[in-house]
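Number of protein chains: 2
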Amino acid sequence: MSIPITKKKHNFFAGPAILPATVLKQASAAIENFSNMGLSILEISHRSKQFVEVVEEAISLTKELLDLDDNYEVLFLTGGASSQFYMAPMNLLPQDGTVCYINTGTWSDKAIKEAKLFGNVNVLASSKESNYTSIPKDYEVPTDATYIHMTSNNTVFGTQHHSFPETNVPIVCDMSSDIFSRPIDVSKFGLIYCGAQKNMGPAGVTLIIVNKDLLGKSGRPIPTMLDYNTHITKGSMFNTPPTFPIFVSMLTMRWVKENGGVAAMALKNEAKAKLLYDEIDANPMFEGTTHIEDRSLMNVTFKMKNTEKETAFLEACANADCVGLKGHRSVGGFRASIYNAMPIESVQVLVDVMKDFANKNT
Amino acid sequence: MSIPITKKKHNFFAGPAILPATVLKQASAAIENFSNMGLSILEISHRSKQFVEVVEEAISLTKELLDLDDNYEVLFLTGGASSQFYMAPMNLLPQDGTVCYINTGTWSDKAIKEAKLFGNVNVLASSKESNYTSIPKDYEVPTDATYIHMTSNNTVFGTQHHSFPETNVPIVCDMSSDIFSRPIDVSKFGLIYCGAQKNMGPAGVTLIIVNKDLLGKSGRPIPTMLDYNTHITKGSMFNTPPTFPIFVSMLTMRWVKENGGVAAMALKNEAKAKLLYDEIDANPMFEGTTHIEDRSLMNVTFKMKNTEKETAFLEACANADCVGLKGHRSVGGFRASIYNAMPIESVQVLVDVMKDFANKNT
Numbered sequence: 001m002s003i004p005i006t007k008k009k010h011n012f013f014a015g016p017a018i019l020p021a022t023v024l025k026q027a028s029a030a031i032e033n034f035s036n037m038g039l040s041i042l043e044i045s046h047r048s049k050q051f052v053e054v055v056e057e058a059i060s061l062t063k064e065l066l067d068l069d070d071n072y073e074v075l076f077l078t079g080g081a082s083s084q085f086y087m088a089p090m091n092l093l094p095q096d097g098t099v100c101y102i103n104t105g106t107w108s109d110k111a112i113k114e115a116k117l118f119g120n121v122n123v124l125a126s127s128k129e130s131n132y133t134s135i136p137k138d139y140e141v142p143t144d145a146t147y148i149h150m151t152s153n154n155t156v157f158g159t160q161h162h163s164f165p166e167t168n169v170p171i172v173c174d175m176s177s178d179i180f181s182r183p184i185d186v187s188k189f190g191l192i193y194c195g196a197q198k199n200m201g202p203a204g205v206t207l208i209i210v211n212k213d214l215l216g217k218s219g220r221p222i223p224t225m226l227d228y229n230t231h232i233t234k235g236s237m238f239n240t241p242p243t244f245p246i247f248v249s250m251l252t253m254r255w256v257k258e259n260g261g262v263a264a265m266a267l268k269n270e271a272k273a274k275l276l277y278d279e280i281d282a283n284p285m286f287e288g289t290t291h292i293e294d295r296s297l298m299n300v301t302f303k304m305k306n307t308e309k310e311t312a313f314l315e316a317c318a319n320a321d322c323v324g325l326k327g328h329r330s331v332g333g334f335r336a337s338i339y340n341a342m343p344i345e346s347v348q349v350l351v352d353v354m355k356d357f358a359n360k361n362t
Numbered sequence: 001m002s003i004p005i006t007k008k009k010h011n012f013f014a015g016p017a018i019l020p021a022t023v024l025k026q027a028s029a030a031i032e033n034f035s036n037m038g039l040s041i042l043e044i045s046h047r048s049k050q051f052v053e054v055v056e057e058a059i060s061l062t063k064e065l066l067d068l069d070d071n072y073e074v075l076f077l078t079g080g081a082s083s084q085f086y087m088a089p090m091n092l093l094p095q096d097g098t099v100c101y102i103n104t105g106t107w108s109d110k111a112i113k114e115a116k117l118f119g120n121v122n123v124l125a126s127s128k129e130s131n132y133t134s135i136p137k138d139y140e141v142p143t144d145a146t147y148i149h150m151t152s153n154n155t156v157f158g159t160q161h162h163s164f165p166e167t168n169v170p171i172v173c174d175m176s177s178d179i180f181s182r183p184i185d186v187s188k189f190g191l192i193y194c195g196a197q198k199n200m201g202p203a204g205v206t207l208i209i210v211n212k213d214l215l216g217k218s219g220r221p222i223p224t225m226l227d228y229n230t231h232i233t234k235g236s237m238f239n240t241p242p243t244f245p246i247f248v249s250m251l252t253m254r255w256v257k258e259n260g261g262v263a264a265m266a267l268k269n270e271a272k273a274k275l276l277y278d279e280i281d282a283n284p285m286f287e288g289t290t291h292i293e294d295r296s297l298m299n300v301t302f303k304m305k306n307t308e309k310e311t312a313f314l315e316a317c318a319n320a321d322c323v324g325l326k327g328h329r330s331v332g333g334f335r336a337s338i339y340n341a342m343p344i345e346s347v348q349v350l351v352d353v354m355k356d357f358a359n360k361n362t
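First to last, the sequence lines map onto chains A and B.
Residue numbers for the first sequence follow this note's numbering, so the first one is 1 and each next one is one higher.
Residue numbers for the second sequence follow this note's numbering, so the first one is 1 and each next one is one higher.
Bound-form chain A, shown alone (with noise of 0.2 Å):
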């Protein structure tokens, strides 16, 4: 089948997101003949010498590029972040023990709910009275918590932690769409978990990052499907994992660090981020939704003052190619994800759809 010939667009999709070209290349490639085995990656055993190859330089790359030490095991399982919701306290926290949320909405939301089900849960901090347009930091972390969780960066509402708080209790971060694109202190993480498709990969893969020092004292029967002992003794090849997810991302990690690694990608997010947020403070047509000194990097927000012309916008973008910015519905405006595999060039192309739209708009 020959493949039709599309021009390419600049893909601003917040998840399923952008990635590499050059992975795709590889990625379609591996579908049709891969490692030279006459074989398509899709239709060979998870446990053949090939595939087992691709697990262990997923995991090798994923302790490379975060500097992990030996204390923290690395798993690719599935069921995105939303099933670590549960699974977190279900394998960490003892039925009479108290988890602290940081509410930065949405994500962190569902996940206060689910962990109710396993012990006693105190929101120590939120920003839903204002919409969740700003992180809260105001607070103090009780030392008798069994851990705190939080949410790196939002990605309905475009917000970020740029720091975690100074604390000996163990943080648990969902870094879904923030993982790899920043140096972070792993040191301060109990547990990281991230669903696949931002930063890292295709969707239908989930990686966890966990310290094993925190297992093991929950005091309660878990499926063996759930108990992350289970995947940590198997090298997460308990059951079949998702091969080629694992593979997409073990191929994106290899760009990240083929290209610098993650502190070249936090250079060139700042960057990326700086010319779009310049452009939004400076256009008189548009304005940013959140507070500026919590602006996401990756998924940047915002809405016209004269929210008439929104739509004249989208059809502007979608003409220079732009695709993927329509906003949340719970946020409105537009939203551009601007990931790692995300070129400053494309951000450059959205840029001067905005200052040609004000031109001929004001």
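These are computed hints drawn from the structure, not numbers from a lab.
All figures in this text were calculated on a predicted structure; none of them were measured in a lab.
For every residue, glycine included, the Cβ atom is placed at its ideal position computed from N, Cα and C.
Please note: incorrect hints may appear among the correct ones.
Quick list of the computed label-pair ranges, beta carbon to beta carbon [claimed, not checked]:
#: 1; chain 1: A; residue 1: Asn36; chain 2: B; residue 2: Asp96; range: 54 to 64 Å
#: 2; chain 1: A; residue 1: Ser163; chain 2: B; residue 2: Lys113; range: 41 to 51 Å
#: 3; chain 1: A; residue 1: Ala264; chain 2: B; residue 2: Ala264; range: 48 to 58 Å
#: 4; chain 1: A; residue 1: Asp352; chain 2: B; residue 2: Asp321; range: 48 to 58 Å
#: 5; chain 1: A; residue 1: Ala264; chain 2: B; residue 2: Asn120; range: 49 to 59 Å
#: 6; chain 1: B; residue 1: Lys137; chain 2: A; residue 2: Asn36; range: 44 to 54 Å
#: 7; chain 1: B; residue 1: Asp144; chain 2: A; residue 2: Thr167; range: 52 to 62 Å
#: 8; chain 1: B; residue 1: Pro343; chain 2: A; residue 2: Asn36; range: 18 to 28 Å
#: 9; chain 1: A; residue 1: Asn131; chain 2: B; residue 2: Asn71; range: 36 to 46 Å
#: 10; chain 1: B; residue 1: Ala264; chain 2: A; residue 2: Asn36; range: 32 to 42 Å
#: 11; chain 1: A; residue 1: Asn120; chain 2: B; residue 2: Asn122; range: 33 to 43 Å
#: 12; chain 1: A; residue 1: Ala263; chain 2: B; residue 2: Leu117; range: 44 to 54 Å
#: 13; chain 1: B; residue 1: Asn131; chain 2: A; residue 2: Thr233; range: 20 to 30 Å
#: 14; chain 1: B; residue 1: Asp281; chain 2: A; residue 2: Lys234; range: 36 to 46 Å
Given chain A, put chain B in place with the hints provided.
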């Protein structure tokens, strides 16, 4: 990237397993440009019109191929059949209810272990004493059981249920390795589940077919992501689904339909299995490992009368481009998995290798 030219292998892997060549070509093309969007299928929103159409077609094809009535809901989740070992009793079995199991080895064993967390487990019949070389038939299903659980085809031992018990108790069935391989009377089943990676698609998606009448009766709190009703209400889109595995499964179902549906698959599968079993029975060097009446049409297990020749035979297979034939470690010998997508021509190649090997070695 040019795709290296390698001769296509005859793929007898047990799973992840062979997929139709046309499906692989379409899958590969969609990774470069899906639905002429100028985007990869890996990087588009699961809520985009184009992907919603994929899920809707996958659901509709499942209903059409299996002739499901409106009592049944079709879900595409993750976690594999191994996750259904606990999700089925968690959703269906009250704490004081009893579930019956027919133990045909490996997968049944694992399913039994998980159910014990949720209610009373009654193993009605087992072929454990004969190392699972047969399917138990001599049992009665208690009329007060909540449900009875069966594994329709055992990939490891190469046995298959060629009929299901006459009972009014709903059957819950793991059909991971023979879904869409033959017509079934779905009205006997309360729940059918399948990991995709044998007859249905690549690893990373799990098909669930559930009779709605059985839900909401367990009386226990269930985490949101583990409640079948969550996913029924949201059409498998409560959270980001495994988009690419669903897409490839949909393509494979389309292929089944275009090739005559499950009745036509059954005829082809019977012909392939007959060709191979006839050779096993006729060839002086080989013998089958299961009771003849319980032989699987999907996973043909056999061994050599003189086990010292096994390595040489596997080499002869490899020289003829036949791969994936080593038996499971708990059975030994050989296993030829001949799922829907396996052409009879590939089975003939294997049969020819067996004949040739016998000619040269006897």
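Each hint tested on the structure:
no., hint, result
1, Asn36/A with Asp96/B: 54 to 64 Å, "holds (57 Å)"
2, Ser163/A with Lys113/B: 41 to 51 Å, "holds (45 Å)"
3, Ala264/A with Ala264/B: 48 to 58 Å, "holds (54 Å)"
4, Asp352/A with Asp321/B: 48 to 58 Å, "holds (54 Å)"
5, Ala264/A with Asn120/B: 49 to 59 Å, "holds (58 Å)"
6, Lys137/B with Asn36/A: 44 to 54 Å, "holds (47 Å)"
7, Asp144/B with Thr167/A: 52 to 62 Å, "holds (54 Å)"
8, Pro343/B with Asn36/A: 18 to 28 Å, "holds (22 Å)"
9, Asn131/A with Asn71/B: 36 to 46 Å, "holds (42 Å)"
10, Ala264/B with Asn36/A: 32 to 42 Å, "holds (34 Å)"
11, Asn120/A with Asn122/B: 33 to 43 Å, "holds (37 Å)"
12, Ala263/A with Leu117/B: 44 to 54 Å, "holds (45 Å)"
13, Asn131/B with Thr233/A: 20 to 30 Å, "holds (26 Å)"
14, Asp281/B with Lys234/A: 36 to 46 Å, "holds (38 Å)"
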